[in-house]
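Please dock the two separately framed chains into a single complex, following the hints provided.
First to last, the protein sequences are chains Z and Y.
When we follow the working numbering, the leftmost residue of the first sequence carries the number 4, and every step to the right adds one.
When we follow the working numbering, the leftmost residue of the second sequence carries the number -13, and every step to the right adds one.
Everything labelled a hint here was simulated from the structure, so no lab data went into it.
Computed from a predicted model, the values in this text were never measured in an experiment.
Quick reminder that beta carbons are idealized off the backbone N, C-alpha and C, glycines included.
Be careful, since some hints might not be right.
To be verified - Below, a sample of chain Z positions facing chain Y; criterion: calculated Cβ distance under 10 Å: (1) Met208; (2) Gly222; (3) Arg240; (4) Thr385; (5) Ile387; (6) Pro388.
Stated by the list, open to error - Straight-line distance between alpha carbons at most 25 Å, and here's what the computed SDA-like set of lysine to any residue pairs gives: (7) Y:Lys105 - Z:Gln467; (8) Z:Lys213 - Y:Tyr143; (9) Z:Lys213 - Y:Gly54; (10) Y:Lys105 - Z:Trp272; (11) Z:Lys213 - Y:Lys36; (12) Y:Lys181 - Y:Phe66; (13) Y:Lys36 - Y:Glu190; (14) Y:Lys25 - Z:Trp379.
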Amino acid sequence: MTSINLEPGMNRPLVDNTTDQPGVRQPLVLNMDRFNQVTQQVCQVAEARRTPMAWYICFAVGLGLLGILGFCVLYLIVTGVGVWGLNNPVMWAYDITNFVFWVGIGHAGTLISAILFLFRQKWRTGINRFAEAMTIFAVICAGLFPGIHVGRVWVVYWLFPLPNQMEMWPQFRSPLLWDVFAVGTYFTVSLLFWFTGLVPDLATMRDRAKGKIQQIVYGAFALGWRGSNRHWHRYERAYLLLAALSTPLVLSVHSVVSFDFATSQLPGWHTTIFPPYFVAGAVFSGFAMVVTLAVPAREIFGLKNLITLRHLDNMNKVILVTGCMVGYAYAMEFFIAWYSGAIYEKFAFLNRAFGQYWWAYFIMVSCNVITPQLFWFKALRTSIPIMFILSLFVNVGMWFERFVIIVSSLANDFLPSSWDVFTPTWVDIGTFFGSFGLFMVLFLLFCRFVPMVAIAEVKAIMPQADPHFGEDHDEHHGEEHAHTSQGEATS
Amino acid sequence: MSTLTTKPKKTKVAKPADPNRPHMYGMIAEFETPAQILKAAEKVRAEGYKWWDCCTPFPVHGLDKAMGIRQTILPIIVFFMGMSGTLTAFVLQAFTNATDWSVWAMVWVTGYPYLISGKPLLSTPAFIPVMFELTILFSALTTVGLMFAFNGLPQLYHPLFRSKRFRRASDDRFFVVIEARDPRYFKARTSEFLKSLDPVAIEEVED
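For reference, chain Y alone in the conformation it holds in the complex (with noise of 0.2 Å):
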């Protein structure tokens, strides 16, 4: 259950198939203020939904929290992709400058041992502005490489674009979605459920 776009962990819920409702993604709840939703993001978690979301214009303070989103563990593994671009750094300065070994990397390279101005071949203080470089872009890649992944992005298609009213949720509305799979979704049952929070308007989304 962590994101909507990855598949629940434990065997998902034998609910019986609703033929009144075919197809259908979810149901959407659209809000005007951020504290509106940020209350009604606490009372969707406390009635134990489990595939839901929000989506707003901009990131609303507190909705983590409300939400009960857990931190990503996005920066740990930046962190060793970039400890990664050091030591990628270091192994391709000494090798081309400080070695004449041959080594396989889909051809075969040599090294070359420079003797530049009686410097010893191995002169790792001017390796390290290249190491400190390489750090930083093994690091930014996969922070926005990893950050979109996580996310399912790109993914060009969804079902709630198929809303006229969610185009606003780039805008200046706010939107509680709640998918149809969840096991506490029934048609019926949501509907009021959202109606309760007070919303501007409901719509269900076809899938």
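For reference, chain Z alone in the conformation it holds in the complex (with noise of 0.2 Å):
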């Protein structure tokens, strides 16, 4: 980006520092050692009065599959679902594959966000931001696809709590109707938890601010947060809190997705190992997301001290080992069904690996179990083009995942009179590819006017922050956490 102005210490190649030595620790920002630099690093991106070229290339792109898809679903909605290729036994196909997937992609931006946090892993401070804006978009786009599937989109409402003309109220026994209170419980704690930590960076760009504009824009989003230390005991109570409820939360949300199909009799969904199935691939799937946008992120934005090679490194290990986990869940599917002994649910897994959608299988699992192995090799992991190119595998492969689950359970159930075979026309597949556009135009405005990194919580993992920086003595105190005191009341 040509607008960067590095300072002359900060063009110093970077250290590496991936390595692991005991009693060393890594540092997680590179070559800064005064906190003015993170503010200025992070705050140029969204101040450049330039925009680098390649944000309006994808942001063209984005419009333009954005365009596809208002196109694709206003043609839904005055036309019918007709218009996508569902038949009688196949009833969900692109439109909850859709959803799913994208539902999935949130998650890991939970998992860095309140997981992670739990779990006091420092360096999920130079992902978190752009993860969970990652997770909010992400959910906006899943919410798309259930809303449009219904068929009259003019009584959507019915999905919510209200009685209708009939005095009937929706049926609190479906799995459906779980769905709209964890989606919606989900993406408004995601947006809270991400609105929190936003606070004190959108502080820092309104005192930062040049224009009048900005200064208000900035000044009305940051709330007059002006960094009190009693304002800030409260927040960081809050921000465990928020972290303490997303944990559970992010590992309802796709369990209660997976009861979707769990809780039908269907054979190929109807199986307990679907819940933690679901949140492992879930949790895959999202990494995968995340990578494929951090490295072209901190290329174009120039944020390679911050995002560095041992963040990459550390998600590549997550991707590996959630993948395995997604491994082990298919080999167990295939083993229960053989000794349940029950033929339907014995020919649903033959039939998913040999039947007509084979080759969808053989790409879910060489994309889902084997492109990940790679990661076992350290010299792949901290590669920036193999992990690039291995995140797209990963999410090609879980979009596939699900349509195996759900368009090949449905098409062959349990009678043979019954069977079809799905064929997506295109508007099934404009509707897909344009759920990207509407992704990358809302990502691509966050890159650009919003602070991508945290800064606050960044400046706070450097040693500098730690009041005891530069004292000659071991770096364990132990009092570290205790902050129990007495003294002046707080509400």
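Encoded structure:
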């Protein structure tokens, strides 16, 4: 990016921080000794008068895809769901596949922001802001599909607990309704979490703003934050609470999504392994998406010293672990299908692997189980081009996983007389690729106008932020987390 | 004396009006490192000031203790709001799906007893997911809402924003703020005291 002006010292070659030596804490922020450098570098992206060319190109592509989405959705609404390739046994196909795919993507953001926070993984600060943004935008994309697949979009409010004209309420024993609550809560809580984290950084943007408009807009969203330590105290408490609330929430969301399938009687869906299997898959696909986004973003916006190779290395390790979990789940499904002795169950899984959708199953297994195994090798884990390509493979594989689960189970159920084949129409395909346009447009706007890296949080993990920095003694303070103190009251 | 933004509990100090100091908000002292602000905070507290604060670009470790900030009661309220979410979800589901009662809630609403595949009307296990989700939703909304409310935010204008120097509080500088309404605040004495803390700069801020 041409408008990034790094200070002379910050142009030093980046040290390799991916090695692990006992007793040495590898730096997470490279080539920076002063807090001001963090502010400067992150704010420059949002403050730059000139937007990088790469941004415009991506934005144009995103807008084009968004246009396709808009057209396909409009065509669907004015014509009816018949424009999709759905047929009698296959009543769910691309729509629900896309829904599950996008909700899954979101899970990595919450994992990074909440679970890694509870585990005190300091490296999360470099990537949590845009991973959370990714979550919110992915859930927006996901929410679109159940909304439009109901057929009569104008009565979509029947999803909400409101009585209809016959004084009937939604039926709360249905997992589809649980989904409404789970995804709705997930979106709200993710947004709150993201915004809470943003407030101090928006205050930074406000204080640096040169123009009146920026000052007013950033100022309004910063809510008048002034860094008071009495505020920080409650802020940190609230942040911890949000992390503690989001952790079970994120596990529940994809569990509830899996209930949509698992509570039905259909062979291939009716399995108890679904909730953990779906959650692992969601985290797997989400981390792949974070890598897909982080690799170009750190290049284009010059954030290589904040989103370091160590961050990417760590994420690739998560991809490897969750990829193995997903592979285990695939194997276990087959084992249980055989072990159950149920003929329909056995058939469903043999049909999944060798039936008419064998090619989808083959893509799924090769992308999700085989490709992540390459991440056992550190050289591949720390190679930018390789991780980018592998993350794309995982994204593709995870989409096909949902497609395989949904379509192959529906297409061939109990009675051969009711079997059918699903073939997508151009509207199906257009809507799917169009949803990437929605995601890209939102994400690019975020990159351009909002601090992409959590400035305050990154500063707080720099060694200089420790009040004992530079003192000549060990780094172990016994009283490190002793926050209990008496004195003045706070509400 | 809980926060900067709430009123003092006791009746405040009868201080003679000082014509030389009209409409002053207080005095700020600027520091460069977390270690300095930590030391300064301990001294300000020991000096007996009540209406004072530290403004920092990020939460400094140990500053809560140095300032003597007592633990917030936010988590306790959040717990009870979370429980009310659980209850709300249960009542909502039980009422709408298991009863035929008519209840006045702004308008008359009637439950609809659904008989689905022979399951009991009050099928509590099936109500658990929504109960869980509303617990989280109520808790999270309370957490964020009350955190900002207790902090007195949003408050888009604040006298401290008058100071150009103070803008670095969101960047790389650490400030001690002593408010003029503190009974121990006297321009000369306070600035003398702040100087003894060895700051980079001292500035008086107008209200």
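Hint-by-hint comparison with the structure:
Against a cut-off of 10 Å between C-beta atoms, the interface hint on Met208 of chain Z holds, since the closest Cβ of chain Y lies about 9 Å away. Given hint, Gly222 of chain Z at the interface with chain Y, holds; its Cβ is 6 Å from that chain's nearest Cβ, closer than 10 Å. For the restraint placing Arg240 of chain Z at the interface with chain Y, the shortest Cβ-Cβ distance is roughly 5 Å, inside the 10 Å limit, so the hint holds. Below 10 Å, beta-carbon pairs count as interface contacts, and Thr385 of chain Z has none with chain Y, the closest being about 29 Å; its hint is therefore violated.
Here the hint on Ile387 of chain Z is broken, as its CB sits about 30 Å from the closest CB of chain Y, past 10 Å. Annotation: Pro388 of chain Z was flagged as interfacial toward chain Y, and the flag is violated, the nearest CB pair being 35 Å apart, outside 10 Å. Annotation: proposed proximity of Lys105 of chain Y to Gln467 of chain Z is violated, straight-line Cα distance about 62 Å (limit 25 Å). For the given pair, Lys213 of chain Z sits about 18 Å from Tyr143 of chain Y by alpha-carbon distance, which is consistent with the 25 Å threshold.
Distance check on the hinted pair: Lys213 of chain Z and Gly54 of chain Y sit about 37 Å apart at the alpha-carbon level, beyond 25 Å; violated. At roughly 21 Å between alpha-carbon atoms, Lys105 of chain Y and Trp272 of chain Z fall within 25 Å of each other, so this suggested pair holds. Between Lys213 of chain Z and Lys36 of chain Y, the direct Cα distance comes to roughly 35 Å. Violation of the 25 Å bound is thereby established for this hinted pair. Simply put, Lys181 of chain Y and Phe66 of chain Y have alpha-carbon atoms about 47 Å apart, too far for the 25 Å limit, and the pair is violated.
Distance check on the hinted pair: Lys36 of chain Y and Glu190 of chain Y sit about 18 Å apart at the alpha-carbon level, within 25 Å; holds. Proposed proximity of Lys25 of chain Y and Trp379 of chain Z is contradicted: the alpha carbons are some 48 Å apart, above 25 Å.
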